[in-house]
Amino acid sequence: MIDAAPTPGRKDVGTLAVASLFIGLGLVTLHDVTTYSDRDSVVFPTFVACALIFCSVLVIIRSWLWPSPHNGFGSGDWWRRLLLVVTMLAACLVMPFSGFLPATAIAFAGGLVAARHEGWDARSAFVFAASGVFIMAGFYALFRFALGVPLP
Amino acid sequence: MDFEHLANALTLTNLALALFGVVAGTIIGSIPGLSATMAVAVLVPITFSMAPASALILLGAIYTGAIYGGAYSAILLNTPGTPSAIGTTFDGYPMAKRGDGDLAVAIACYASVFGGMVGALALLLLAPPLSSVALAFGPVEYLWLSIFGLSLIASLSTGNVLKGLAGGAFGLLLSCVGVAEISADIRLTFGSPTMIGGIEVVGALIGLYCIPVLIDLVATPERHLKVEQGGRAVRFREAAAIAWRSRVNLLRSSVIGTVIGILPGAGGSVAGLVAYSEAKRTARPDQKFGEGEPDGIMATEAANNATVGGGFIPTLVLGIPGTPPDAVILGALLVQGVRTGPTLFEGGGSIVYTFIFGLFIATILMLPTGLLIGRYAYKTIVTIPKTILVPAVGFMTIIGTFAIRNSVSDVVIMITLGSVGWVLSRFGFAASPIVLGLILGPIAEQGFVQAWIIGDATGNLAGMFFGRPISLGIIAFTILSLLYPVIQSRRTRRLLKMQANSND
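Which chain is which? The protein sequence lines are R and P, in order. Just so you know, we're using numbering that gives the first Met the number 0 here: the first sequence kicks off at 0 and counts up by one. Just so you know, we're using numbering that gives the first Met the number 0 here: the second sequence kicks off at 0 and counts up by one.
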């Protein structure tokens, strides 16, 4: 799926949506502070939530009156973007059960597939897989044994 | 202080330690997620069996190398290797994208060496008088300092100040997530155990700067960095000429870095951003900051390396660490049996002065090693195929973020925040104001609450917030930094109008 290029003159829906989400976040924060026991914890988030709501309202007004035609997701393959992020998140979910290396291998494989635009053959698949094993093993050894990080 | 201390610093052992420290620090600092604090902490155990002066030289060299190393990934991958290099991404990555990455790396090296030398010189000549500055800063001064930092949003948000302010407020809100520092209330976690630990700044930095780049890289088949044809020569001379032309910027940024380094808790990230903002504020009309302007790299790198010497001033004179790595070094000194304080410069003066000369040597050694490592880092990143670069960097973001607190939750937050940051950036909400809010939020909140409690107890709230001379000075600077862009744009408009009239 390829995006269309932004057309001038249309409303900047993305900016309006983001600013509306910020307002929602501010309102949720104002509700959340009512559950705190100490007054010292309340003052700062309350002030910040009000500032966020105020700035977001101004962003909406400005964006409504003067929409920017340059904003938008731009061109590019959506499935590649999603594959990259989803495999990285999947690695985090699997990590406590499978251990660090098998989990990050999922993210690495996802990244390889997402970033390869030239197509695959047996040779390139072998070379990139071998490079991946080498890189992951090298960094794993550095962090686990040299830097003493307790990787799962 | 005499030549005996210089001779002590120049022994073969100390020279070898300084060289090893600079190289190790540069490599560790260039890996996203491994901060200067971690580089120093990881290598501290090596120093326990050494003489105190040699141990200090090694730790100082690691620290200064790590701060510089952060520039590599900031320039070549748009990911600050350390938080101090946030400002380096603004112009470094655009330079790398247009094929000037080698020039940017060389400029960063010269600026880091210059800043490091100024910081070390301040440590040598002005340590006792300057350390009193740190003592004069109370909670309310930190509050105003953080508000001054937040006012930089105006200059950091290119194009849309309103979106910058909204992003800054979003960052401040993110800094509230987790257990409150003062009262221990659990805030904005919505019952999720993932969020209780709060949002770790380095993880957030990796997410907000690196993940959007990876998402953009996979979407299209274009190369990640422009490659110049014909294999041109190394651009050391060109970088040196640019650095010489911007010597005022280098000096100003180094002084800013030294002074901010003296203030406990502020650190290289704040120093780099303040220096960047000042460089942008005083820029010539033809300079385009944020689009690959060498002065932006020089300001950030000179300032963050100057914090090394600056941070050692309160550490050695008062026993108050100026920056987080200084706290680790202070701990290592205590293990060695060295007691910091004003008497260190008298009774144990030989250790201190040998260390200061060692810091000078380490900073000088950073020039050849930094240029050499930088050259190979640039060539590697430019020539490596995107197919392997993307998963390798993705893997490094995961392992680097995990290593900070050994927490999978931090990695989940990093990826989520990065994806959100990518969407926000597509609609004009830049990452820098969010990061600024995230960094300055805890400093502002702590300063505000403490000042409020003290003012309330003494019955003089207004006097507490607005009656102290240093606070008033910072307030004046804040107002100036907020108004200056408006005044400058009016002046430019008036000049353009006058030019148009004269042409007619």
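Just so you know, these hints were derived from the structure itself, not from any lab. Careful, some of the hints might be misleading.
Stated by the list, open to error - Between beta-carbon pairs, the in silico distance windows are:
1. P:Thr188 to R:Leu81: 42 to 52 Å
2. P:Val422 to R:Pro151: 24 to 34 Å
3. R:Asp37 to P:Gln286: 43 to 53 Å
4. R:Pro101 to P:Thr491: 17 to 27 Å
Yeah, the Cβ is synthetic: ideal placement off N, Cα and C, and Gly gets one too.
Which of the numbered hints above does this structure break?
Numbers 1, 4, in rising order.
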